[in-house]
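4 protein chains.
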Amino acid sequence: MRVINLKSPGGLDQLKLHEVEGPGEPGPGEICVRLHASSLNFHDYIVASGKSPTEEGRIPMADGAGVVEAVGKGVTEFATGDHVVSTFFPHWLDGPARVADFKTVPGDGVDGYAREQVVRPAHWFTHAPEGYTHAEAATLTTAGLTAWRALVVDGGLKAGDTVLTLGTGGVSIFALQLAKAMGARVISTSSTEEKIARLKALGADHTINYREEPEWGKKVQALTSGRGADHVIEVGGPGTLPQSIDAVAIAGHISLIGVLTGRGGDIPTSKLMAKQARLQGLIVGSRRHQVEMIRALEITGLKPVIDSSFSLDRIADAFRHQESGKHFGKICLEF
Amino acid sequence: MRVINLKSPGGLDQLKLHEVEGPGEPGPGEICVRLHASSLNFHDYIVASGKSPTEEGRIPMADGAGVVEAVGKGVTEFATGDHVVSTFFPHWLDGPARVADFKTVPGDGVDGYAREQVVRPAHWFTHAPEGYTHAEAATLTTAGLTAWRALVVDGGLKAGDTVLTLGTGGVSIFALQLAKAMGARVISTSSTEEKIARLKALGADHTINYREEPEWGKKVQALTSGRGADHVIEVGGPGTLPQSIDAVAIAGHISLIGVLTGRGGDIPTSKLMAKQARLQGLIVGSRRHQVEMIRALEITGLKPVIDSSFSLDRIADAFRHQESGKHFGKICLEF
Amino acid sequence: MRVINLKSPGGLDQLKLHEVEGPGEPGPGEICVRLHASSLNFHDYIVASGKSPTEEGRIPMADGAGVVEAVGKGVTEFATGDHVVSTFFPHWLDGPARVADFKTVPGDGVDGYAREQVVRPAHWFTHAPEGYTHAEAATLTTAGLTAWRALVVDGGLKAGDTVLTLGTGGVSIFALQLAKAMGARVISTSSTEEKIARLKALGADHTINYREEPEWGKKVQALTSGRGADHVIEVGGPGTLPQSIDAVAIAGHISLIGVLTGRGGDIPTSKLMAKQARLQGLIVGSRRHQVEMIRALEITGLKPVIDSSFSLDRIADAFRHQESGKHFGKICLEF
Amino acid sequence: MRVINLKSPGGLDQLKLHEVEGPGEPGPGEICVRLHASSLNFHDYIVASGKSPTEEGRIPMADGAGVVEAVGKGVTEFATGDHVVSTFFPHWLDGPARVADFKTVPGDGVDGYAREQVVRPAHWFTHAPEGYTHAEAATLTTAGLTAWRALVVDGGLKAGDTVLTLGTGGVSIFALQLAKAMGARVISTSSTEEKIARLKALGADHTINYREEPEWGKKVQALTSGRGADHVIEVGGPGTLPQSIDAVAIAGHISLIGVLTGRGGDIPTSKLMAKQARLQGLIVGSRRHQVEMIRALEITGLKPVIDSSFSLDRIADAFRHQESGKHFGKICLEF
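Note that the protein sequences, when read in sequence, are chains A, B, C and D.
Using the numbering used here, read the first sequence as starting at 30 and increasing by one per residue.
Using the numbering used here, read the second sequence as starting at 30 and increasing by one per residue.
Using the numbering used here, read the third sequence as starting at 30 and increasing by one per residue.
Using the numbering used here, read the fourth sequence as starting at 30 and increasing by one per residue.
It is possible that some hints are incorrect.
Which copy is meant is left open, because identical chains are indistinguishable; a pair holds if it fits in one copy or across any two.
Said to hold, decoys possible - List of simulated lysine-lysine pairs, PhoX-like, C-alpha gap at most 25 angstroms: (1) Lys229 <-> Lys355; (2) Lys300 <-> Lys132; (3) Lys102 <-> Lys132; (4) Lys355 <-> Lys132; (5) Lys355 <-> Lys36; (6) Lys332 <-> Lys229; (7) Lys247 <-> Lys132; (8) Lys80 <-> Lys300; (9) Lys102 <-> Lys36; (10) Lys132 <-> Lys332; (11) Lys36 <-> Lys229; (12) Lys80 <-> Lys332; (13) Lys247 <-> Lys229.
Think of the hints as simulated: they come from the structure by calculation, not from any bench.
Input sequences plus hints: build the corresponding full structure.
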């Protein structure tokens, strides 16, 4: 089988394709999956670009989707031929968050899914949504579940709530789609009129060009008659958080997801206090969350927006496209 | 103005139309509303039919929608010309339930809205959803808010959940529509193929003819691969509750709304216990709940299903139509 | 080692002591526990008395506490010499309830802990609270965790809430103690003045002799100035539930735990609806719940009330004492 | 009656005592209260010191406790002679937070309680806890309710949780006491061994001298075997928040209360994200919260810690004592 290994010291040029032996037969409780797709996230980029060092030869990519090829003894949840998708935290099955690092995350602390075959315990995967391509399914592990966790698990999103999304990355687009599928009002920001047109086409009720409106927090207040956004999908980090705090409603909820603009910065804590708002940190979610999200995707028919697809050997090109910031939705690998 | 009074000892023949003086000018904090519509609920029927005795001459009907004609001193929430709809519990504005009777409910403990004009404190009404007719708005006070409370407030409904609705009364139809607008799967029961066709047209994913399937609890389990319904909109009461308990999922939620089949009965409590399920009593909801529901209706575009409409003087005929059980959705009065 | 087996067709006379081989070495992920204590619950009685048939030779008792004798490969949570206590649902580790039967419960669907040694996966046990005897620890698996689940997990108990407990069984006494340790007001019922004196000594703020006050629901209302109980620990089932519904506060919470008075009965559902109260079924809880409860027991210093203790060979006598209903708190086995 | 007015431009020297006419009779829905005590909070200091400008002649102090002297028409909740205590947000009666400023807060946006008599709508006050002195009751309006809101309302505190408090101000001491009354483990920081001894005497399970342990976040991790604090009562603001983030548990809760160290600053947002923790802004709470807290105080017997008491004319001295930072618990005014 083919596999991508990341050589020291990391960097997109260090993503090397190899031919290796297949993983063999699944043991008790395990499944063998023929992987067909992955998708790129900011976290994968941090690893691949060498900004977060990993073990020599690490196989990157947290997202993996494919077909069950063989089933070990005692596995009842899956059968040969089932379409499956990987989970971000293989050991966080249910209940409240119990992890604060990436030591158990495929493609970071352990080998990931930039490979054609893998044998893993069955609970490292869930069923893929019916009717999804492998590329579509692969977008769920990280980006899809992050948006679901933020809005549904942490936010308790209800119809009529106002959701603010920032930019056109995978999490933001997924959040826009989910929010619309659940009857919410969505305000989305972007930097170009072309992307804004696409946000509108996906159902955004209001859009803001943040280059033209650098004080977009106030704009959100104006668009909501002074109520503000009930939920902010904050993927930017310290660079955008002050505006997000301006945008949020009293008693509202900001999902702190992103580190795009850095790992810390100057935050107006007294405004957050006065708003009586909640800044909720999160990293993806549990296996239960994924199963529940997939149930929602099947019944709503929601499909992720795929920007582009690359073959496995072009993984570095895929990351370079991600670096360019020109994408709208998810960049995938298919193999 | 015209008004309906209920004479002793109650009964549909005792609903009498009178011409009386208008209510005069609103005092401080009050508004004068020209009512144009009401809608019928089981609770209104209990009052009108004399099964729940009220004060001599009581003006029936909890639901009232119309136009603000005049605004008293200090009222800032409403202006003349605003379309408004009444609230079920005029004194329950926010927070957890605080009432267990109907002493403060218009059309029962106090005079209701089968009248052309009324002066009341402003907080007895909320804005009607934009684009709603008065008849549509009038369906929200009791039936609409009951469905919202059950699914959204008590149930924390999320996309992908399975909702079971019983029959084709106003609450059940509204719950079906809300659940679909929020991305849930809906199973609906009815007794005729004609009604079942209409349930499907409204988006029901599965339907059950309960005459053909008297053990519809098992049928719900079968339709959900043994998971059961996450939420049951239990409008039937003791006669249907045993089947609802069979239908509900482990850790699921049954909204105990109805007394259609009586005020008590033989309930398999050990099954409810073993299912680790929640049987949640409720009566409508608070003013805050209504405001939040209306926000959801505006953004989703959901409109209530109106079965038929009667003029104010034909109120007894409207109740007789309700008695027949032939309706699908809401029966309204327009005037 | 010594072990108790339950012979067909069940019944206290069919509890037979045997000498058998020990369980051998723990495999990977397993621990070997030298059990020293168990405790009796109504559920164990149902099994032992043959009212709920089990496999021939079943080893009864869900509760088991003792010392880790050996640790299998890969076990990091426990070390030799650790004091441990069993969990009720060995496969429900975290998250919402996922079981509605007793197929996986030790002492019912699988062999339990009326034995001197056992080898099981490590996650079938948790650490016992520091400073607990084995008999004290053994009371936690079923009775302790049921009370904790009802008040803390399901009820979100807060200081100042009013809790109603019924009788002097293990769950009720534990709930009384927990409620007091968390700053709640407790009203407890019993049938004799002697038991009432002991309830008061444990901190009950009010007591009701239900023989003298058969309408104890009204008495609870009177004792709470008409507010009612925020939480009712309903261990009686259909025979007591109508009074519990009278006793509960508006928007209050009744934990439906018991089947002492039968598996179903005539329930005033319309009162439950009007009270807008929640009837929450439950069976014990998850492993996470147990870990969290034990943390609470250690910090509060709360110790369970042990009525009496029997040796393993006197298990039938222990159950006969339970049958008599004369106990106050937990009946234990020590060996 | 005597009253304190704050003259322009503010500052402790501008707190002037005057003799003025009494407030007269209460109108419908109002009560007249003979105030006997107030207590000092950081927010009162900000106003009194002129750092937050108010209207000329503003009567300061949000906290007020005393005796009902007269009751207006229609008031049923209070009778002459009742002991009462003021609420922080007179218009936030119930439900989620609805305010993000101090425009309606007595002693800031409107006149407060540094006066001997006041006539206000009845719902501006609640009953004081039985057995409380007026000075004790006065500590509840701001400091007491802030601690309750943080731990109980926002935090859902349960027995066994670990609570971290910072310093010895009124909110922190109250949080320590509440947490112990509800069965939690408490870790408290302070800067002097004398204060640390007093924290221990109040029940703190662990103490940290933050002068000796500037990295007290790590110390909290060590004291909790690496779990961290479930709840942090963060009264310091940006200067202490980085350590609080180090101290908090995965999925834990930081109550963002304070601005003692400024209105914003450099915050390690990526750590908050990785911890999957919640930073929850809050300002005091609703009238319902106060009523529920008072129920808890009555049943637990908890009494606030009063550092010192000043007469009304010595209000400036009281604030100077607050400025010194030497207090432990609440500084009161009694008159």
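Status of each hint after checking the structure:
1. Within a single copy, Lys229 and Lys355 get their C-alpha atoms as close as 17 angstroms, which meets the 25 angstroms cut-off; across copies the closest is 43 angstroms, which misses it.
2. Proximity of Lys300 and Lys132 under a CA criterion of 25 angstroms is satisfied inter-copy only: 15 angstroms between copies versus 35 angstroms inside one chain copy.
3. Proximity of Lys102 to Lys132 under the C-alpha cut-off of 25 angstroms is restricted to the inter-copy arrangement: shortest distance 21 angstroms between copies versus 28 angstroms within a copy.
4. With identical chains, the CA atoms of Lys355 and Lys132 are never at most 25 angstroms apart, being 30 angstroms at best within one copy and 46 angstroms at best between copies.
5. For a Cα distance limit of 25 angstroms, the shortest separation of Lys355 from Lys36 qualifies neither inside one copy, at 27 angstroms, nor across copies, at 59 angstroms.
6. In this assembly of identical chains, the alpha carbons of Lys332 and Lys229 lie at most 25 angstroms apart whether taken from the same copy (16 angstroms) or from different copies (23 angstroms).
7. Taking identical chains as interchangeable, the C-alpha atoms of Lys247 and Lys132 lie at most 25 angstroms apart only when they sit on different chains, with a minimum of 20 angstroms there against 40 angstroms within one chain.
8. Taking the shortest Cα distances, Lys80 and Lys300 sit within 25 angstroms of each other only across copies (17 angstroms), while inside one copy they are farther apart (33 angstroms).
9. In this homomeric assembly, Lys102 and Lys36 never come within 25 angstroms of each other (Cα to Cα): the closest approach is 35 angstroms inside a single copy and 33 angstroms across copies.
10. For the identical chains of this complex, Lys132 and Lys332 are neighbours neither inside a copy (30 angstroms) nor across copies (39 angstroms), given an alpha-carbon limit of 25 angstroms.
11. Neither within a single protomer nor between protomers do Lys36 and Lys229 lie at most 25 angstroms apart by alpha-carbon distance, with minima of 42 angstroms and 54 angstroms respectively.
12. Taking identical chains as interchangeable, the C-alpha atoms of Lys80 and Lys332 are never at most 25 angstroms apart, the minima being 31 angstroms within one chain and 52 angstroms between chains.
13. In the homo-oligomer, the alpha carbons of Lys247 and Lys229 lie at most 25 angstroms apart inside one protomer (20 angstroms), although the nearest pairing across protomers, at 44 angstroms, exceeds that limit.
Taken one by one, the earlier hints fail for this structure at numbers 4, 5, 9, 10, 11 and 12, listed in ascending order.
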